[in-house]
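Here is what each chain is made of, one letter per residue.
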Amino acid sequence: MSASLSKSRLQGLGTTIRHRCQQLLGPLALLGPAGIWLLLFLVLPTLLILDISLVPDLRPEDVGGAYGLGNYSRVFNPFDPRFDSVYLQVIWRSVYYATVSTIACLVLGFPVAYWLAIMAPRRWRNFLVVAFILPLWTSSLLRSYAWISILRPTGLLNTFITWLSDLIPGVDLPTQNWLYSSAAVFVGLTYNFLPYMVLILYASLEKLDISLLEAAADLGANPRQTFWKVTVPQTLPGIAAGCLLVFITSMGDFVVPTLLGGASSMTISRLIYNQFLGITRNWGLGSALSMILILAVSLAIALLLKYGDRDSVKEA
Amino acid sequence: MPRKRSLYLPSSSRRLGSTRRRFLQGSAAAIAGVTLSNCRQNLSNQAAPEADPAATTPEEGGASGGDSGVLHVYTWADYTSDEMVNAFTEKTGIEVIVDIYDSNETMLAKMQAGGGDAYSIIYPSDYMVQQMIELNMLTKIDKERVTGLENIFDKWQDPVYDPGNSFSTPFAWGTTGLLYNTDILTDTPTDWDYLWENSSALSKRMTLLNDVRETMGMVLKSLGYSYNSTNPAEIEEAYERLIEIKPDLASFMSFGYEDGLLSGDLAVVMAYSVDALSSIAEDDTLNYVIPESGSSVWTDTLVIPTTAPNVDAAYEWLNFNLDPAIAQLNTETLFNATPNKVAYENLSDEFKNDEKLFPPEDLLAKCEGIAPVGDAAAVFDEFWTRATSA
Amino acid sequence: MSFLGGLSLPKTWQGWLTIVLFGFMYGPIMVLGIYSFNDSRRYTSVWQGFSLRWYESLFQDARIFRALQDTLFVAIVAVAISSVLGTLMAIGLCKYYFPGKGIYRGASYLPLIIPDISIAVATLVFLASMAIPLSIWTIVAAHMVFCLAYIAVVVSSRLGSLDPNLEEAALDLGATPTQALIKVLLPQLMPAIVAGCLLAFVLSIDDLLISSFTAGGGANPLPLEIFSRIRNGVKPDMNALSVLLILASGMIAALAEYLRYKSSTLDR
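Residue numbers (the numbering used here), protein chains in the order written: chain S, 8 to 323; chain W, 1409 to 1798; chain P, 148 to 415.
These are calculated hints, taken from the structure and not from any lab test. Predicted model only: the values in this text are computed from it and were never measured. Where a beta carbon is used, it is the ideal one built from N, C-alpha and C, also for glycine. Errors might be hidden in some of the hints.
Stretches of chain P that chain S covers, calculated by requiring three or more beta carbons in the stretch to come under 8 Å of a beta carbon on chain S [claimed, not checked]: (1) 207 to 214; (2) 332 to 344.
Calculated pairs, EDC-like style, for lysine to aspartate or glutamate (alpha carbon to alpha carbon, straight line, at most 20 Å) [unchecked claim]: (3) W:Lys1654 / S:Asp91; (4) W:Lys1749 / W:Glu1763; (5) W:Lys1654 / W:Glu1790; (6) P:Lys409 / S:Asp179.
Per the computed footprint, the stretches of chain W lying under chain P, defined by three or more beta-carbons under 8 Å from a beta-carbon of chain P, are [what the hints assert, rightly or not]: (7) 1498 to 1509; (8) 1660 to 1668.
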């Protein structure tokens, strides 16, 4: 009896397994290839970077090396004999550039998005929005390069300033070397990422209920009150998402600080680049810096998730 | 705009028992661990490639690169000309593709990262040759297959960086100095100190080489030390001096300053003689000076990396460049000083007597060659990172 | 004073600011365009007369064409493969619930969040540690990561707005799941897939960092060539190149926006 029972049980098991396999086939076929690819070329490499970042000063020619927190402690721990404040300075500078350009994008982008979403003629809205974000699709390298010819000492901006000073008697506007300064980096970053901000704010303002604005006005609120009490709270998720996006993209940007920043604008992404394809070839330190960058970006996202609206993150 | 599904939908993972889940987590971690330690091992293997060139197979590069007929050359920005490359192709039938790098260290980084497998010829400088030999990255040159080595000056027959020229062939030599626009500078710079003395007047109109050994070495020299100092205190002193003028530097750049100099965006730049002299040849408002306290004198060489896919073509390239006629052409058109005695003697007096190209012996005596500094390399790197990041 | 069918001069400061910022966005591109016709030997801001010489010298530049060829090869192969993988992934994520789905979905969003430099560095170290020699195929592999992520995002957003009954109806009527996928789902998704592919294509063409770290075997995509030329001294034919590239990608962008617009109005 036991034989027949176990046989039927086995058969049952066989069908279950076959059934299971068929059930799994769909998800595997759909999710398998992309999943494997992401695992191989994104997840595993990132884990590898984490691993290498724990080997102090690993260079490509080194054979192995002991684990330790040396790479991190020389960045963060002031009591480490190899501590160098320059790394914190670079991280701080990257955050500073990202913050200033985020604020600039918000201040410039909000009125534009507001006008496009609420005040512009309805039939032109889509066209105008697309036209505004169109430059986003063109090479960021070339758009940054375009700024070189404007900002350099004998470039267009200074030519224009000189022309203006000559035109208006008594006014002597100063010309200066705009290129290779923090100002150039701000301009470059704002120029590159303003369309993102406008796009996201536009999407958010478009959904704004105009009747709310009218109601506020009917109840006697002046335009400023309406703006701060109705418009801003209503679009806060969009504002947060836009700021996050601009912040993390400018934080990791390499091209703008490299081309426009010159000698005094080392940022974390330039420093990481230098550890791998540049002069110093310290893969261990470079990996640690890369992990710090990923962490900083994740932190920004986590903060938004905690305090902001989740939908807005997805919009981004 | 259609609404996206939430990123954070609770998944049905609760159905799995917690033991099972822990097991899965454990095995996933184990797999990851094994893979990672494998990776680490490979990393060090990769970094020390086997010296046997036959062991490395040329890699087919798909749409471009790798194919056996083409010679990929990895060199400095101004070391080849279309004229020269065409002459080579005409003579040998081998097509040449030239890629460029802007410092020895970036070239080394690219090669170590595995991005240089297509190159059969590289042009490292003296100290880098020595370093690459130590890293087993170079193929020993088969002297039987090379003709014309006897034409090289005695000075380069047995160089310190590569005794007996076993791994490299000297290609060109030159100096490092200051290139400036004579319309902008009222006085003539004579020494490195000029940069410090005029830093505020020339603020953001000066550049230094984006090269750790050249630039740190220059500051060391200006302090009266050696380019090859291994004393951390001296290197730190050099670093302190470098950051004095750092705020007034436009950029660290080894190439690409020419337009800036001509338009007046830049006033004075630290430059290699090769690039400086070809700029002057194009526009004589520029001038080049070798600082009187001395500078670096470098030799750039031709080497064949162990990963070279097309060794035969590489030897053709070596022999082609050892041809006195070609060496002479290179000096006349690219302004690198040739180590080839026959080519030198065939040059016109105008070139031979050009003290910027072939500096007088007493000035050369004050110059130094850059040599590997062993463990002090890390100190150089650290202060360089600090200087460029501050 | 209405012209262009209702587009009149703005009456508010926001409107004027928008005009100024339109100038800010397009000004630098115009500057490149104007300089590309400047008949000067050198890189100068002084207008020397009209000339097409930089376009002529550009068209004789074999290096640029080789680089362009590499770029297009990478972009087309990466986007072609990613369009399949990314679409399947988006459908799979929409359809199935399974343990670890949150992690899977999170990983699929990573390429959009992690800075390029970190992805680039990780890929390089991974390839080096696996002793995979760098070639044009490693660039393709690395580009596929972000291409499939972007395509999946665009396709997912379209999937969310589709009517699930349609596919179920097909299944009820006896279609196999594969048939239902190909005959019912894919046609509906097509505009989103194409828009996603165009986005991925433009991103791939524009990518400097990831290509820098994964290029080898003589492959030299256009952004690398441009970056190297900017660093090693620019000749004015770069302006001409910029104009052509910006025009080309602008046209792709306009097409993508048009498709997206069409696909979103379809539901309304």
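Practice prompt. State whether the coverage of the stretch 207 to 214 of chain P by chain S holds or is violated, taking the criterion as 3 or more residues with Cβ-Cβ distances under 8 Å.
Written response: violated (count 0)
Worksheet item: Given the proposed pairing of Lys1749 of chain W with Glu1763 of chain W, does the C-alpha separation stay at or below 20 Å?
Response: holds, 17 Å
Worksheet item: Is the hinted pair Lys1654 of chain W and Glu1790 of chain W satisfied, with a Cα-Cα distance of at most 20 Å?
Response: holds, 16 Å
Practice prompt. Go check the stretch 1660 to 1668 of chain W versus chain P for me, would you? Three or more residues, Cβ under 8 Å, otherwise it fails.
Written response: holds (count 6)
Discussion item. Given the hinted pair Lys409 of chain P and Asp179 of chain S, is their Cα-Cα distance within 20 Å?
Written reply: Violated: Lys409 of chain P and Asp179 of chain S sit about 53 Å apart, past 20 Å.
Worksheet item: Mind checking, does the stretch 332 to 344 of chain P have 3 or more residues with a CB under 8 Å from chain S?
Response: violated (count 0)
Discussion item. Tell me whether the statement that chain P covers the stretch 1498 to 1509 of chain W is true, taking a Cβ distance below 8 Å and needing three residues at minimum.
Written reply: holds (count 3)
Practice prompt. Mind checking the alpha carbons of Lys1654 of chain W and Asp91 of chain S for me, to see if they're no more than 20 Å apart?
Written response: Holds, at about 18 Å.
Checked against the numbered hints above, the structure violates hints 1, 2, 6; every other hint is satisfied.
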